[in-house]
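Asker: Okay, here's what each chain looks like letter by letter:
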Amino acid sequence: MKLPIYKSVLWGLPAVVILSLILYGCPSQQNLASNEEAAQKVYVAPGEYDEFYGFMSGGYSGQMSVYGIPSGRHIYTIPVFSQLATNGYGYNEETKAMLETSYGFVPWGDAHHPELSQTNGVPDGRYIFINENNTPRVAKIDLKSFQTTEILEIPNSGGNHASPFVTQNTEYISAATRFSVPMGEDGDKDVAIDSYEENFKGTLSFIKMQDDGSMKLDFQILVPGFDYDLSHAGKGPSHGWSFFTSYNSEEANTLLEVNASKNDKDFIAAVNWKKAAEYAAQGKGKIMPGEYVRNYIDKEDHIAKTERNSEVRVLDPRELEGMIYYLPTPKSPHGVDVSPDGELIIAGGKLSTVIPVHSFEKMTQAIENEEYEGEIDGIPVLKYDSILAGEVENPGLGPLHTEFDGQGNAYTTAFISSEVVKWSLDTFEVLDRIETYYSPGHLMIPGGDSQKPWGKYLVALNKITKDRYLPTGPELFHSAQLIDISGDKMKLLLDFPTEGEPHYAQGIAADIVMKDQVKFYKLEENNNPYAVKSEEETKVVRDGNEVHVYMTTIRTHFAPDNIEGIKVGDKVYFHLTNLEQDWDVPHGFTVKGANTSELLLMPGETRTMVWEPKRVGVTPFYCTDFCSALHQEMQGYIRVSPADSDVEIAYGTG
Amino acid sequence: MKKQSRIWMGAAAIILLGVYLFPIWSISLNAPQYPEGIGLNIWVDTIEGKSPHDLQNINGLNHYIGMKEIQPDSIQELTIMPYLFAGLIITGIVISVFGNRKWVLVWLGAFVLLAITGLVDFYLWEYDYGHNLNPNAAIKIPGMSYQPPLIGTKQLLNMRTTSMPHIGFYFALLSMGLAAWTWWNNGNEKSKVTGTKLNHKLKSVA
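Heads up: the protein sequence lines correspond to chains A and P, in order. Just so we're aligned, residue 1 is where the first sequence starts under this note's numbering, counting upward by one. Just so we're aligned, residue 1 is where the second sequence starts under this note's numbering, counting upward by one.
Okay, chain A solo, but in the shape it has when bound:
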């Protein structure tokens, strides 16, 4: 009796082997370009430049990483929301104020979405913005110098996730809260957490880009207490509108993974920001308290300053009509992306089996005809069927984000099925799919969220790395894959690691950014009050127990390099000015036992370190950047005497 069963199992075995070969072996080879072809496409010869700049968020590193595309080379890290010991950002006296918040000094941030400034709907290479999720902030980076020059805190926000997305001429930068929180409209923020439905609210903030290039929090729109997730502004015909996804329309305050996944549909909030801006300009809405700071690098002296604000204009849809509408969208939508022609609004319904595509034209008609299925807190909810352009069937599991190639195709990441799916904006049919390793979040095509994408490469930004690179213990860099999208079939070209967690990324043709690069700072334009512009001006000045050392660097010495008369208990300010006026000749400075990072001085720049000597003796200092053939000779000594000593201040270069 036993034998026949055994036999049948044996017969089944070859079938299993064949099946698993078909299922497992083949798909991973399907879209891989031949090694030679892929190598040629990503090879950037020594001395040559990449075709595109890729700007990737550093995620919980709080910084922004700059990559060359297609080579995948990591070429720079821009410090933004976190201190960076490499160059002293956030440690030295000139940049410390950039990390000031209404909660005090915050040395770290969680950066998510870089967004290039645009003119006429196309990235213009002037600035790149990035949000901070935890202590809600938006930063502006000047792409002439790749330096963070402004950080604006967002009040009345529980977490700045849906941010910073720009309008087509960078008129506004939007920032919406992920967490709704009690706003304390009637003065009380100390409420029970389970009074969520009653007391919790969200805000959509609009930051105005002013003519002088500075950011101003123009107004906030008070919205129901959902979680606002991501956003993109309209363009072309939909210019004047912004779209924000929301989930947790269930208004759950605990175990959201279950409690916020119940409703069949959540919403995309369509905001007529032009209308809202008009209301704000007319002085409508109310001024509400809200502590926030604006930090900026002063254009005059290049020193970070902090400006404190305590109130903000808030517009309430219950009182002001026509600002905002809800578009019902299946299953906790994550990303929202607008097609290059500005007509289609695509949601990544992360728990949905289809990609819903809304039509902007149908939306405006539905608003005109008041095709509402209800209203929430003064916000009309449009009928799903009245606004839908179509649904993309079989888009993969867990669709999150979509970018465009400018040739009529959309590319959507599917987190759960770990793939990028290419589909037609015309027929909504899936055209091609390619695996990624593993589980992509955002994806990036240079200019892929603008009106004119450079549809040549796609970068999939994955959340899981596992076995892609040489193992480095339990903690791994994330992985990114470069995919050729120039043909009908997507082809995998390159796999490269990325630092932190690059949620979103932006890309731009290199020549647009390259042409205005600052190579060094002109000494004659250095207006730092502690700058010295020649060795003759260097000095050491005592003021009570504060000592100011005005020091210069030039290949290959400090002036002065011998200092006496410093005492234990003094507070010593080293003001270093790099006198070099040539590209890529930085000098560094540190002193033994310093409780802060080194200073890294670009040519023509002044930076200040505070040092409190604790021990009697002679303390060495030296240049930390290998600046020249005699770099090791670039050093000096400071004599530290007891607190009650009467050693006079003396200094010089022998």
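A few of these clues could be false.
[Said to hold, decoys possible] With a cut-off of at most 30 Å between alpha-carbon atoms, the simulated DSBU-like pairs for lysine-lysine come out as follows:
| id | chain 1 | residue 1 | chain 2 | residue 2 |
| --- | --- | --- | --- | --- |
| 1 | P | 50 | A | 522 |
| 2 | A | 519 | P | 68 |
| 3 | A | 571 | A | 305 |
| 4 | A | 533 | P | 50 |
| 5 | A | 533 | P | 68 |
| 6 | P | 68 | A | 522 |
| 7 | A | 262 | A | 286 |
| 8 | A | 452 | A | 491 |
| 9 | A | 519 | P | 50 |
| 10 | A | 41 | A | 489 |
[Said to hold, decoys possible] Pulled a few chain P residues facing chain A out of the computed Cβ check, cut under 7 Å:
| id | residue |
| --- | --- |
| 11 | 53 |
| 12 | 56 |
| 13 | 57 |
| 14 | 60 |
| 15 | 177 |
Calculated from the structure, these hints are not laboratory results. Just so you know, even glycine gets a beta-carbon here, dropped at the ideal spot from N, CA and C.
Got chain A sorted already, so can you dock chain P onto it with the hints?
Answerer: Quick look at chain P alone, frame taken from chain A:
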């Protein structure tokens, strides 16, 4: 001199204004660390970097080998030269007005003498900078001197140094050529006249 020759002489004088508009000589340096090049332009009245900070950077590099700093303000020749050229231009114009062929030659002679003196002087400066080195220099290589070439290219440690005339020099050369031509042409005109006369004579003989 004929009117046409006088105009040419005037042109020779006026063209010399070019030395105020363009550098006369150039020294270019190339090194592994300077793929974009670094260099100096020598003008009639000053020495400037090819890019705004090149002079400062070259002085910075030169201090390693103990070379003196190039300080344009302390070089007297650069104060005198503009006046010498102004003198040539004014006298050139005066000569063109009076049209005296002999004075054209004198003018040309003075110019050539000035040019030779200038080049010799330039060589001596280069010799001084290249040989007269600070004994406390960081980099000392026995037997090595750092005199740039008067004209041409020479490898000095990591620096490939090229010294060449610049546009201003060619203006001066053109001016010289025009003056010489004016002088020569007037001379030829005389012999041409003699030639025709001779021809005439020969004809009458025939």
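Asker: If a hint holds in the structure, say so; if it doesn't, say that too.
Answerer: For each hint, the structure was consulted:
1. A threshold of 30 Å between alpha carbons decides the hint, and for residue 50(P) with residue 522(A) the separation of about 17 Å falls inside it, so the pair holds.
2. At most 30 Å may separate the alpha-carbon atoms for a hinted pair to count; residue 519(A) and residue 68(P) meet this at roughly 28 Å.
3. With a C-alpha separation of about 22 Å, the suggested pairing of residue 571(A) with residue 305(A) holds against the 30 Å cut-off.
4. A hinted pair counts as satisfied when its Cα atoms are at most 30 Å apart, and residue 533(A) with residue 50(P) qualifies at roughly 22 Å.
5. The hinted pair formed by residue 533(A) and residue 68(P) meets the criterion: a straight-line CA distance of about 21 Å does not exceed 30 Å.
6. For the given pair, residue 68(P) sits about 25 Å from residue 522(A) by alpha-carbon distance, which is consistent with the 30 Å threshold.
7. Taking the CA atoms of residue 262(A) and residue 286(A), the gap is about 35 Å. The hint is violated against a cut of 30 Å.
8. Among the hinted pairs, residue 452(A) with residue 491(A) is consistent with the structure: their alpha-carbon atoms are about 22 Å apart, no more than 30 Å.
9. This hinted pair checks out: residue 519(A) and residue 50(P) have alpha carbons roughly 16 Å apart, not beyond 30 Å.
10. In summary, the hint linking residue 41(A) to residue 489(A) is supported, as the alpha carbons are separated by about 15 Å, within the 30 Å threshold.
11. For residue 53(P), the interface hint holds, the least distance from its beta-carbon to any beta-carbon of chain A being 4 Å, beneath 7 Å.
12. Residue-level restraint check for residue 56(P) holds (minimum Cβ-Cβ distance to chain A is 6 Å; threshold 7 Å).
13. Given the 7 Å rule on beta carbons, the hint for residue 57(P) holds: about 5 Å separates it from the nearest Cβ of chain A.
14. Hint on residue 60(P) holds. Least Cβ distance to chain A is approximately 6 Å, under the 7 Å limit.
15. Because the beta carbon of residue 177(P) sits about 40 Å from the nearest beta carbon in chain A, more than 7 Å, this interface hint is broken.
Taken one by one, the earlier hints fail for this structure at numbers 7 and 15, listed in ascending order.
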